[in-house]
Structures are given as C-alpha cells and as structure tokens.
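Relying on the hints, combine the two individually framed chains into one complex.
Going down the list, the protein sequences come from chains A and B. Numbers in our numbering are just positions in the first sequence, counted from 1, shifted up by 3. Numbers in our numbering are just positions in the second sequence, counted from 1, shifted up by 4.
Because the hints were derived from the structure by calculation, they are not lab data. Since the structure is predicted, the reported quantities are computational estimates derived from the model, not experimental observations. Note that the Cβ used here is the ideal one computed from N, Cα and C, for glycine as well. Hints are not guaranteed to be accurate.
Quick look at which bits of chain A chain B covers, simulated, 3 or more residues with Cβ under 8 Å [as the list claims (entries may be wrong)]:
#1 143-155
#2 178-186
Residues from chain B shown here face chain A by an in silico Cβ test under 10 Å; the list is partial [claimed, not checked]:
#3 Val136
#4 Pro184
#5 Pro193
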Amino acid sequence: MIDHRFLGIPLQRRQTRRRFVVCYWLAVGIALAALSQFRMPQDVSHWTTFLPLLLTLGVASNMPLLLGGFSLGGAVAFYEGSRFRKRYADPNPELRGFAIVWRKGWPRFASNPERAHQLRRFFQAVRPVDERETQLRDEAHHAAHRMLFWIIYAGAIAYLIVSAISQTLLVRFGFVLLELLLIASMSLPQCWILWNSPDIDLSDRNIPHPEAACEPN
Amino acid sequence: MRAELILMGKRIDMAPQRHRRTLVLLIYASMASIMTGLWFLDHWRTTGAYMIFVTIAVNRLLLGGYNFGGLVKPFNEKAHPAPEQPSPFLLLGLRVYRPQPGDSEYRNDERELQQRDHAHYVAYSALVAGLVLIWFAAAFTRVAPKVLAATALLSLAPNLGVDLVYGITLATIVISVTLPQSILLWTEPDMPELDEFES
Numbered sequence: 004m005i006d007h008r009f010l011g012i013p014l015q016r017r018q019t020r021r022r023f024v025v026c027y028w029l030a031v032g033i034a035l036a037a038l039s040q041f042r043m044p045q046d047v048s049h050w051t052t053f054l055p056l057l058l059t060l061g062v063a064s065n066m067p068l069l070l071g072g073f074s075l076g077g078a079v080a081f082y083e084g085s086r087f088r089k090r091y092a093d094p095n096p097e098l099r100g101f102a103i104v105w106r107k108g109w110p111r112f113a114s115n116p117e118r119a120h121q122l123r124r125f126f127q128a129v130r131p132v133d134e135r136e137t138q139l140r141d142e143a144h145h146a147a148h149r150m151l152f153w154i155i156y157a158g159a160i161a162y163l164i165v166s167a168i169s170q171t172l173l174v175r176f177g178f179v180l181l182e183l184l185l186i187a188s189m190s191l192p193q194c195w196i197l198w199n200s201p202d203i204d205l206s207d208r209n210i211p212h213p214e215a216a217c218e219p220n
Numbered sequence: 005m006r007a008e009l010i011l012m013g014k015r016i017d018m019a020p021q022r023h024r025r026t027l028v029l030l031i032y033a034s035m036a037s038i039m040t041g042l043w044f045l046d047h048w049r050t051t052g053a054y055m056i057f058v059t060i061a062v063n064r065l066l067l068g069g070y071n072f073g074g075l076v077k078p079f080n081e082k083a084h085p086a087p088e089q090p091s092p093f094l095l096l097g098l099r100v101y102r103p104q105p106g107d108s109e110y111r112n113d114e115r116e117l118q119q120r121d122h123a124h125y126v127a128y129s130a131l132v133a134g135l136v137l138i139w140f141a142a143a144f145t146r147v148a149p150k151v152l153a154a155t156a157l158l159s160l161a162p163n164l165g166v167d168l169v170y171g172i173t174l175a176t177i178v179i180s181v182t183l184p185q186s187i188l189l190w191t192e193p194d195m196p197e198l199d200e201f202e203s
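Bound conformation, chain B alone (with noise of 0.2 Å):
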C-alpha cells in the first residue's frame, strides 16, 4: 500500500489511518451523491452506466486494487500494460511518458497478499448481501403496483420497483470493486514515518 497520494499535482499524506479513513468516507459519500444526483436527473435510464465510469477512475485514481495506480497494489500482481516501444519524443516532451513500474509497486509480498485475501472474505459477504437484496427487490417489481395502488404512490413512482433493482444492482456493482480496497485502506494502522523506519 502506498503512503502517498498524488492528486492534482498535490502530495497528500496517506500514512495515518485517518486520512485513509477520510478518504474512504469521501469516496462513498461522493459516490451516493453522484447516484442520486443521477436518479433524480433521469432514473438511471442513461446515466446509470456513467456510475461504471466513475468507479473506474475512483479505482484508478485513488484506490488501486482492480485497476493499476492509486493507493492499494494491483490485486493481480500485473503491471499497467505500458507499450514496449519507446513514446514519441513530442510525449515526453510534454512530460506524460510514463516509464514501466518497478516490481516493487505491483507486486504483493506475503503480508499483502494476506491482507488482500483477508479483505476478499469480509467483502465478499457484502456482495451477498447485495445480491440477496436484488432478488427481494426483483420480488417487489412484482407486487409494487398493488403495494403503490393502495398507498396512492404509484402516480409519483410508477417505476418504483423497477428503480429500485436497477439500484441496487448498481450501488452492488459500485461496491464489489471498491470494498476491499476501502476494507484495507480503513484497516492498515498508521504507517511509520520514514525517520521512524531508518532508525
């Protein structure tokens, strides 16, 4: 994992816990935001996909684990495909060559891949829940209309149900690529400070 965090051209210090823990709350907290913002501009119908793209680059950027970059190690220990042959001479003069990784930063040691399993097996049981989930709303796509008939609620949500297994497929989707990496940013104590680690 990686102690350091740069964003916008910033250096952010990710070595206490807490600033981890800031993130990961940040992140959630931006990510139902956004889903919401996107429910109410058009139920999803269009922009529900644009929630993929935006876990992607939350990955890409700031968690790392299913992507390569940001905080946490690539899960399959595979480094960013970069091409082989040397970038165009205009690319690196315009400083956006990027050279090949060192192992050091795709490849886990034993802790790590520890650490990465341990975070599968608590995450893995929000999946389930989450698919649990979708199977209860795909029942309530079923009895909705009866249900929001007699509460006069099916004139302001006629697809409520239908909303409602999109979401949660969505928000399942969303979580099953960024809990364990958020399960491993939350967890990792406060790393020492690098005077702390020479002495």
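This is chain A alone, in the form it adopts within the complex (with noise of 0.2 Å):
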C-alpha cells in the first residue's frame, strides 16, 4: 500500500513516515495561515479567480502529487482488484496507470534507465491493494471519519464563538475552515496508514539497483 520510496523520501520506517506527515500538516497550517490573510473578495470577479486557486491548493496538493491514496501517485494506493482494474488498466500492462498519467512522456522517459528505474519501482507501488492492505485502509477510513467528525464539532463550536466576537472575522475564518475541512477529509485516510503501518521489510523485493540494471551480461 506505501511506497517505499516517494520523492526520494525512503518511507521504510515509520518513523520517516510520521515526520513527512508532520511536515505535511506544517504546509497545510502555513498555507491556511497564509490565506486566512488575505482580504475576503466582496466582488465576484475576483471571487472566480480567488476559488479556482484554492480549489486547486486543496485538492491537487494533498492526492496526486504528496498522499495519493484515491488518485494515482503519491505515498499511498487505496484500490483494491477490481476497482483499481477499473481506473487504471491499461492494454500495455508496461504503461498500466502510468500511461493515464504520463502517456505521450513514455518513450523519453523510459530512456534513461535511472528514470525507467524509478518507473518500475512507481509500477510496484501502484498495484492493487491485497487483504491486509484493505484491511488496514478501512480501518484508516474508519478511524478518519471519527476524527472527521470531532474536527467538524469543533470547528462549529470556534465558528460560534468567533461570530459572536467579528462578522469580519467570521467571513475569513468560515472561509479557512471550510478550506480545513476539505483538505483533512481528503488527506486524513493516508495520513492515518503513514503514521500507524509498521517499519516496511524491503528485503523479500528484490529491487535492483539502476547501475546493476544497466551493467553489461
């Protein structure tokens, strides 16, 4: 379910993993701060820019690119047999998902046997998920939506307080919260795995090394 290695990250041990996580969560504080700073836009034509940005901070941030989990990429895969089969075959069993992603970069890509290293590692993470792993990522789901829920409760009570003191302040912190709530609820489920899965035993994989790979018979 984790890919072992993601951004040149090893995420082997739990302990790397709980540190990218509280990195993680660092970026998303820094960047709610950053836009609780700005001024509320009262006109639509701002408006229309301003949503598109957060939409795109919220959503493209957290899945495909950091946590994955329900898209492709990222630290995490959540599907299992059937449903992965479903989003990412592909005919090419070699391009399988990545060619979703990447399709017209293949040929340069694969190239460079470093790059085509990384791919192959990419294709060993990006693999259904088998018992355990749903096991472990229903438990994650299960656990988030509590979490979820006690975030939402708290979140209405500072939402009560807060307008008893500014509508001003309101307007702002409604809009961050809102923003809170949508990237947790998409980011929560692989935050639980990557803090609560064990050290990960790299030794039955067999992975070589891009040099060994690329060394003559």
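Listed below in structure tokens is the structure:
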C-alpha cells in the first residue's frame, strides 16, 4: 500500500513517515494561515479567480502529488482488484496506470535508465492492495470518519464563538475552516496509514539498483 | 447486527435483506420529506437544528451504530451508560428499568469490525462529496445574486444561496452519521432462520 520511496524520501521506516505527515500538516497550516491573511473578495470577479486557486491548492496538493490514496500517484494506494482495474487498467501492462498520467512522455522517460528504474518502482507501488492492506485502508477510513466528526464539532463551536466576536473575522474564519475541512477530508485516511503502519521490510522485494540493471551481462 | 427490531411494542423481523432495505429507503424518504417540510416552514432558520435531533432519534431507535440501540451494534463498542446504582422501585414497578446490556449487545467480533470499517470506507466518499458540494454552494452564494437577478428569481428566493449552503451542510451531517449503518443494513445478506442456525 505504501510506496517505499517517494520523491526521493525513503518511507520504509515509520519514524520517517511520521515526520513526512507532520511536515505535510505544518505546510497545510502555514498555507491556511497565509490564506487567512487575504482580504475576502467581495467582488464576484475576484472571487471567480480566487476559487480555482484554492481548489487547486486543496485538491491537487495532497492527492496525486503527495499523499495519494484517492488518485494515482502519491505515497499511498487505496484501490483493490476490480476497482483498481476499472480505474487504471491499460491494454499494455507496462504502461498500466502510469500511462494515464504521462502517456505522451513515456518514450523519453523510459530511455533514461535512472528514470526507468524509478518507473519500475512506481509500478511496484501502483498495484491493487491485498487483503491485509484493504483492512488497514478500511480501518483508516473509520478512524478518519471519527476524526472528521470531531473536527467539524470543534469547528462549529469555534465558528459560534467567532461569530459572537466579529463578523469580519467570521467570514475569514469560516472560509479557512471550510478549506481545512476539505483538505482534512481528503488526507486524513492516508495520514492515518502513514502514521500507523509498521516499518516495511524490503528484503523480499529484490529491486535491482539502476546501475546494476544497466551493466552488460 | 440484530435480526429483530422492536418498534412501538411490535416485533419486526429484520433477518431478510428485503426488510432491511425497505427500512433504509423509508428512513431516507422520511428524512428527505421532513427536511423539505422544514424548509417550507421557515427555511431551516430555527428548525434546521431539529434535523440533528431527528437523526439522533433515528440512530437511537432504528439504525444504531453511532448511538446505542437500533439494529447495528455501537461502532465504539461501548455499552449505553447506565447508572450503577439500582433503579428506584417506582421505575421497576413501571417496568422502565433497563438492565445493563450483555457483552454480545455491544461488542463487535472480528467480522463485524471488518464490515464496520469497510462501510466507513464506502461512506467516506459521500462525506467528501458533501464537503465539496458545500464548497461549491459557498461559491454560489457569491454569484447567486447576479445570476438570480438575471433570471428574475431573486424576488422569489432572495436567500437561495445561503439556504443552499445550510441545506447541503445539514444533509451532509445527517448522511455522515447514518450512511455507514445504512450500508451495513443494505449489504448484509439474509440472516439464517433460527431453525436453520440450530440445525
């Protein structure tokens, strides 16, 4: 389920993964704090330019690029057998999944041995989850559902308190809270998995180093 | 999951999947009707909070899961908090004394825990979709006055955008605490009859 190396960071050790999760949430916190400093756009024309920017930040930053889970790429995979095939199947098994994202860039990508090795590792990570991983994924969603409930509960109380203090703050706070909820809803299960999964044993994977793979026989 | 529902003193057999699916459909149809009725009443200004109470009652009496009672065992595997001291004799005389539930009434076995987690996995997508819808509805509140003015609907529904956000939020809350139980009731196959089970 968990890619053992992502963006050059080895994720076999739980401690590293936990740091990864903490860094992710720190980045989210800083981004939200920065967003809250913007003046809320009152004009529709400003709003329409502001909205896609925030949507991109909320959705694109955590799924395909960092955490994975609901989409292809990222550190965690969610989909089991049939659902995986339905989403990512490709007639050419070598291009399975990956082709959907970078189909046009394939020849250039594969011609480089280092990149080809990365691609092999990517295919090993992008695979249907097995039974144990499915259980872990489901458990993560149960935990995330519970956490999300408490976040909404805490947010609603905070919203009521802020509404009693200042209407200007309320508009700004409500907006940031909604953004936080969106990001949290799309990243909590992945974070739970990264946080709680034990250390990965890579001894049975037998992944050759790219230099070794390039050596003549 | 319990195979029997006691409603207003009547025992209803919930072993067949057909019965459980009918119950789920009835619950959501009723809640949709109540919500629509409340919108016509005062646009959920005051009555919106009542939907939360309706949801708690539905969980408590019919679905279970997030409240003790109902068909599905509590998700948190905790018994309903009951007073440790014996109830007054008056309550015993009125037969409203509730004894401490047995372990089998709130402890989930391994299979039930797996089913619970999977139901949450399936329901989670609906929750995320609800939040995304709230987001879009919040955006619509900004655009709504201009759009509605163009279509001459502004006079008919001046607060349509705000109502939309509030309505979707309420619906998301209701769905988030009822959907996992509904998925369990919907997908669980027919339970064996007691005779079959014994044989």
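Against the structure, the hints come out as follows:
no.: 1; hint: 143-155; result: holds (count 7)
no.: 2; hint: 178-186; result: holds (count 4)
no.: 3; hint: Val136; result: holds (7 Å)
no.: 4; hint: Pro184; result: holds (7 Å)
no.: 5; hint: Pro193; result: violated (19 Å)
In this structure, the one hint that does not hold is number 5.
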